[in-house]
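Protein chains: 2
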Amino acid sequence: MSLDAVLARIDDDLPAATERLLELLRIKSISTDPAFKTDCDAAADWLVADLQSFGIEAQKRATPGHPMVVGHVGPENGKPHLLFYGHYDVQPVDPLNLWDRDPFDPAIEQTDAGPVIRGRGAADDKGQLMTFLEAFRAWKEVEGDWPCRITFFFEGEEESGSPSLVPFMEENADELRADFAMICDTGMFESRTPSIVTMLRGLLGEELTITAPTKDLHSGMFGGIAMNPIRVLSRIIASLHDDQGRITIPGFYDGVPELSDELEAQWQGLAFDHSKFLGDVGLSVPAGEQDRTPLEMIWSRPTCEVNGIGGGYQGDGFKTVLPSQASAKISFRLVGDQDPLVIRENFRKMVEEMLPADCSVEWKSHGAGRASGTPTEDPAFAKCLKALGDEWNVPAAYIGCGGSIPIAGHFQTILDTPPVLIGFGKDDDQIHSPNEKYDMESFHKGIRSWARILDAIT
Amino acid sequence: MSLDAVLARIDDDLPAATERLLELLRIKSISTDPAFKTDCDAAADWLVADLQSFGIEAQKRATPGHPMVVGHVGPENGKPHLLFYGHYDVQPVDPLNLWDRDPFDPAIEQTDAGPVIRGRGAADDKGQLMTFLEAFRAWKEVEGDWPCRITFFFEGEEESGSPSLVPFMEENADELRADFAMICDTGMFESRTPSIVTMLRGLLGEELTITAPTKDLHSGMFGGIAMNPIRVLSRIIASLHDDQGRITIPGFYDGVPELSDELEAQWQGLAFDHSKFLGDVGLSVPAGEQDRTPLEMIWSRPTCEVNGIGGGYQGDGFKTVLPSQASAKISFRLVGDQDPLVIRENFRKMVEEMLPADCSVEWKSHGAGRASGTPTEDPAFAKCLKALGDEWNVPAAYIGCGGSIPIAGHFQTILDTPPVLIGFGKDDDQIHSPNEKYDMESFHKGIRSWARILDAIT
Numbered sequence: 001m002s003l004d005a006v007l008a009r010i011d012d013d014l015p016a017a018t019e020r021l022l023e024l025l026r027i028k029s030i031s032t033d034p035a036f037k038t039d040c041d042a043a044a045d046w047l048v049a050d051l052q053s054f055g056i057e058a059q060k061r062a063t064p065g066h067p068m069v070v071g072h073v074g075p076e077n078g079k080p081h082l083l084f085y086g087h088y089d090v091q092p093v094d095p096l097n098l099w100d101r102d103p104f105d106p107a108i109e110q111t112d113a114g115p116v117i118r119g120r121g122a123a124d125d126k127g128q129l130m131t132f133l134e135a136f137r138a139w140k141e142v143e144g145d146w147p148c149r150i151t152f153f154f155e156g157e158e159e160s161g162s163p164s165l166v167p168f169m170e171e172n173a174d175e176l177r178a179d180f181a182m183i184c185d186t187g188m189f190e191s192r193t194p195s196i197v198t199m200l201r202g203l204l205g206e207e208l209t210i211t212a213p214t215k216d217l218h219s220g221m222f223g224g225i226a227m228n229p230i231r232v233l234s235r236i237i238a239s240l241h242d243d244q245g246r247i248t249i250p251g252f253y254d255g256v257p258e259l260s261d262e263l264e265a266q267w268q269g270l271a272f273d274h275s276k277f278l279g280d281v282g283l284s285v286p287a288g289e290q291d292r293t294p295l296e297m298i299w300s301r302p303t304c305e306v307n308g309i310g311g312g313y314q315g316d317g318f319k320t321v322l323p324s325q326a327s328a329k330i331s332f333r334l335v336g337d338q339d340p341l342v343i344r345e346n347f348r349k350m351v352e353e354m355l356p357a358d359c360s361v362e363w364k365s366h367g368a369g370r371a372s373g374t375p376t377e378d379p380a381f382a383k384c385l386k387a388l389g390d391e392w393n394v395p396a397a398y399i400g401c402g403g404s405i406p407i408a409g410h411f412q413t414i415l416d417t418p419p420v421l422i423g424f425g426k427d428d429d430q431i432h433s434p435n436e437k438y439d440m441e442s443f444h445k446g447i448r449s450w451a452r453i454l455d456a457i458t
Numbered sequence: 001m002s003l004d005a006v007l008a009r010i011d012d013d014l015p016a017a018t019e020r021l022l023e024l025l026r027i028k029s030i031s032t033d034p035a036f037k038t039d040c041d042a043a044a045d046w047l048v049a050d051l052q053s054f055g056i057e058a059q060k061r062a063t064p065g066h067p068m069v070v071g072h073v074g075p076e077n078g079k080p081h082l083l084f085y086g087h088y089d090v091q092p093v094d095p096l097n098l099w100d101r102d103p104f105d106p107a108i109e110q111t112d113a114g115p116v117i118r119g120r121g122a123a124d125d126k127g128q129l130m131t132f133l134e135a136f137r138a139w140k141e142v143e144g145d146w147p148c149r150i151t152f153f154f155e156g157e158e159e160s161g162s163p164s165l166v167p168f169m170e171e172n173a174d175e176l177r178a179d180f181a182m183i184c185d186t187g188m189f190e191s192r193t194p195s196i197v198t199m200l201r202g203l204l205g206e207e208l209t210i211t212a213p214t215k216d217l218h219s220g221m222f223g224g225i226a227m228n229p230i231r232v233l234s235r236i237i238a239s240l241h242d243d244q245g246r247i248t249i250p251g252f253y254d255g256v257p258e259l260s261d262e263l264e265a266q267w268q269g270l271a272f273d274h275s276k277f278l279g280d281v282g283l284s285v286p287a288g289e290q291d292r293t294p295l296e297m298i299w300s301r302p303t304c305e306v307n308g309i310g311g312g313y314q315g316d317g318f319k320t321v322l323p324s325q326a327s328a329k330i331s332f333r334l335v336g337d338q339d340p341l342v343i344r345e346n347f348r349k350m351v352e353e354m355l356p357a358d359c360s361v362e363w364k365s366h367g368a369g370r371a372s373g374t375p376t377e378d379p380a381f382a383k384c385l386k387a388l389g390d391e392w393n394v395p396a397a398y399i400g401c402g403g404s405i406p407i408a409g410h411f412q413t414i415l416d417t418p419p420v421l422i423g424f425g426k427d428d429d430q431i432h433s434p435n436e437k438y439d440m441e442s443f444h445k446g447i448r449s450w451a452r453i454l455d456a457i458t
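Chains as they are written, first to last, in my numbering: chain A, 1 to 458; chain B, 1 to 458.
Extracted from the complex, chain A is given alone in its bound form (with noise of 0.2 angstroms):
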């Protein structure tokens, strides 16, 4: 095959391909909202005659939410099979009126960074899943057939949890089982370097509520006798970190592995802006391990984070009342083989023990998810960072990623297919926000960049 060819003819073709764009983007397939019900079966029913259009046998499948698309081509030849997963809904749209233009009315638009797409959607995910059928489509009309068997598989659900995913890769398992599944639904690190993200972090979400009185009472009458259940509160979480950054949980750091040398040389090349990174939201120190680098502390390490808390009158003004309840929401991100229900197990026993007399403790589990790391032996995997390198001119990176990313995981454990997560986002794509944007560089490249991933790895 002549790959020169195929990114020729991506080239030639990038007018209609963001025209079949522009269409996509028209469709307001909002999954949260049940108003949009017939827009995201149109978005699906879209997606098929696309995948129709150049030769796929694709179809839409019915679930108890929105519809699955799933297609299948090309021959079982030895090559590696490869599932291609994207998702056709979009956020909400609100606040309106901080949009420059009609979410829904897509345009391409001149930047001084040079030209966008502008829409929702049009980052998450439309834009990024139409990167891989856009090289294929190319693919297909200068080859005339295709290089391995390959799985198209997308979902109108990721914007509302997903519910009928799991449930859809049980019964279809054997259907979906894959070589790799390739996930274009992230981004460049930094807006610049090509990544493979490897490492997603896991999360144990706890919810506790500390109970002191039986009721509400006024702090005059009570206060300096009664127990109050925002210092005991207080006092708990100021315990969770060291003076160093450490988690003091028992046992917390079990399972937390060192990087590789490999991924430190490949972090250090980086050469992370933490600075930038910090003060584009108002920071200037990193908060963390304090032997830590700030790629570890987002990627690597494992945090507790407070994500809310609340107790008492917390309306305009003052009231002297001393509260019956105070409560907090506390996140663990996870890392290696940290397993959150031993981590769930200690660090309540931990609360228990430190409250006071007259204290009680109830608490909420919001899931425990432990962390998951692809494993990059296969050659598949550095066939893949050279053509992101090769396409971007840049040498590409596997990346940790702060977050949990539940459908890689599910890949893993329902499919037993490991989970190969490139996308070309940037970081002022404002995806779930209002104007949200992608550049024509990450599409344009992103299709090129699918293209020589197929050559590399077939």
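If you are wondering where the hints come from, they were derived from the structure by calculation, not from laboratory data. Since the structure is predicted, the reported quantities are computational estimates derived from the model, not experimental observations. Accuracy of the hints is not assured; some may be wrong.
Derived DSS-like pairs (lysine-lysine); straight-line CA-CA distance at most 27 angstroms [as the list claims (entries may be wrong)]:
{"hint": "1", "chain 1": "A", "residue 1": "K37", "chain 2": "A", "residue 2": "K60"}
{"hint": "2", "chain 1": "B", "residue 1": "K140", "chain 2": "B", "residue 2": "K386"}
{"hint": "3", "chain 1": "A", "residue 1": "K276", "chain 2": "B", "residue 2": "K319"}
{"hint": "4", "chain 1": "A", "residue 1": "K37", "chain 2": "B", "residue 2": "K319"}
{"hint": "5", "chain 1": "B", "residue 1": "K215", "chain 2": "B", "residue 2": "K319"}
{"hint": "6", "chain 1": "A", "residue 1": "K319", "chain 2": "B", "residue 2": "K364"}
{"hint": "7", "chain 1": "A", "residue 1": "K319", "chain 2": "B", "residue 2": "K28"}
{"hint": "8", "chain 1": "A", "residue 1": "K319", "chain 2": "B", "residue 2": "K349"}
{"hint": "9", "chain 1": "A", "residue 1": "K79", "chain 2": "A", "residue 2": "K140"}
{"hint": "10", "chain 1": "B", "residue 1": "K276", "chain 2": "A", "residue 2": "K215"}
{"hint": "11", "chain 1": "B", "residue 1": "K276", "chain 2": "A", "residue 2": "K319"}
{"hint": "12", "chain 1": "A", "residue 1": "K364", "chain 2": "B", "residue 2": "K319"}
{"hint": "13", "chain 1": "A", "residue 1": "K383", "chain 2": "A", "residue 2": "K276"}
{"hint": "14", "chain 1": "B", "residue 1": "K319", "chain 2": "A", "residue 2": "K28"}
{"hint": "15", "chain 1": "B", "residue 1": "K215", "chain 2": "A", "residue 2": "K276"}
{"hint": "16", "chain 1": "A", "residue 1": "K349", "chain 2": "B", "residue 2": "K319"}
{"hint": "17", "chain 1": "A", "residue 1": "K319", "chain 2": "A", "residue 2": "K215"}
{"hint": "18", "chain 1": "A", "residue 1": "K79", "chain 2": "A", "residue 2": "K383"}
Given chain A, put chain B in place with the hints provided.
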């Protein structure tokens, strides 16, 4: 004069006195709700007419809010000039469905603990206010004249912050100044010991908001590297008390006096049942300074309480936000000569010195009032104690009050008139709550107490 004759007259007149109180209770004088403006006016008119009915020159006096009622009577005869203060306004009645009767259709109800007068304002403060009116009515009927110069001063805004009180006092200081301001708006110690409140704690209210990042962040992306303001705030709150329950703000205890031997002896005599006091609200262990008695904790020692805290996501479920801000409302109860302005300065300085890099704090002040203590050297105080003890057959005591009664301070500072806080409320009167009541015993013996006091100090 014959005290016995006055007391007998009070006993005979109790049914009629009760009818008069019920009449006043039927007036819906809720001061905080503009819908009841004419009712407040009607309550003032009722009081003017009642005072006039037994020979007191009384007037309704306009303010920007609800009117004052002022009346004068009696000779300047070298005896103490006594001012009597009460308020005719009442709290709102919601939630109405928790009342067992119409709050403005008051009645005498029989209970296991004896008859009670049930209705909004029965205890706070119409019933208490009527105790001294009825005492004077009986006095006048029996004696035919007055024992000393007497001023009546009633307001109709006590339940809505008394906005007109200070200006009115300032404008009419010469008219209102007296030797003692008798304030009937407090209760009996543990519902059984007649008391004069001589120690009122002051109050300093502070609100702080800590900002770390300039906007809410995703805790996956930024958790572990960005400073979390809830953690910072929790550390600050946790540091405000040491492990002995002492407050750690530098200089905080400057001006905090030790109890006099007399008070210490009296308070020991009160045999305060802190197990019951705390047990009623589900607690058992006095949570204040470990080397202080429970009564000291609530009356004569300063406190630091967190009245409210908030930050991040507090709704149902979980949101992995790393919030930009967290805030708390913190109040200090002050005693003796503690200077609220100095404490405010030291508190703010301490907090600011604890702030990590990248954090800022904003302050709101919610008032700063010194403690007020009434010196009891004047023999009139001992005479009041004895008169109360005689009526209730229990030695009366000087007690503290954990809360603040700003009005008492205004009499002292604006009118140079020492406040004498004597009241007959009981702990289960349900003031400010549904089913408010005033014990018939409180009403009857309250009236008799005033006759005895009048006899004793004039």
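Check the hint pairing K319 of chain A with K364 of chain B against an upper bound of 27 angstroms on the C-alpha distance.
Distance ~14 angstroms between K319 of chain A and K364 of chain B Cα, so the pair holds.
Given the hinted pair K276 of chain B and K215 of chain A, is their Cα-Cα distance within 27 angstroms?
Roughly 15 angstroms separates the two Cα atoms, so the pair holds.
Are the Cα atoms of K276 of chain B and K319 of chain A separated by 27 angstroms or less?
holds (25 angstroms)
Holds or violated: K383 of chain A and K276 of chain A, Cα atoms, limit 27 angstroms.
Violated. K383 of chain A to K276 of chain A sits at ~31 angstroms, over the 27 angstroms cutoff.
Going straight from one Cα to the other, do K319 of chain A and K349 of chain B come out at no more than 27 angstroms?
holds (24 angstroms)
Hey, K79 of chain A versus K140 of chain A, does the alpha-carbon distance stay inside 27 angstroms?
Given pair K79 of chain A, K140 of chain A holds - Cα atoms ~17 angstroms apart, limit 27 angstroms.
Given pair status - K276 of chain A, K215 of chain B, alpha carbons within 27 angstroms
holds (15 angstroms)
With the threshold set at 27 angstroms, check whether the alpha-carbon distance from K215 of chain B to K319 of chain B stays at or below it.
The given pair, whose Cα atoms are some 15 angstroms apart, holds under the 27 angstroms limit.
Quick one, are K319 of chain B and K28 of chain A close enough, alpha carbons at most 27 angstroms?
Status holds; Cα separation ~25 angstroms.
Would you mind confirming whether the straight-line C-alpha gap from K37 of chain A to K60 of chain A stays at or under 27 angstroms?
holds (14 angstroms)
Next pair to validate is K79 of chain A with K383 of chain A; report whether the Cα-Cα distance is within 27 angstroms.
Satisfied, since the Cα-Cα distance of roughly 14 angstroms is no more than 27 angstroms.
For a C-alpha distance cap of 27 angstroms, please report whether K364 of chain A and K319 of chain B respect it.
holds (14 angstroms)
Of the hints listed earlier, the one the structure fails to meet is number 13.
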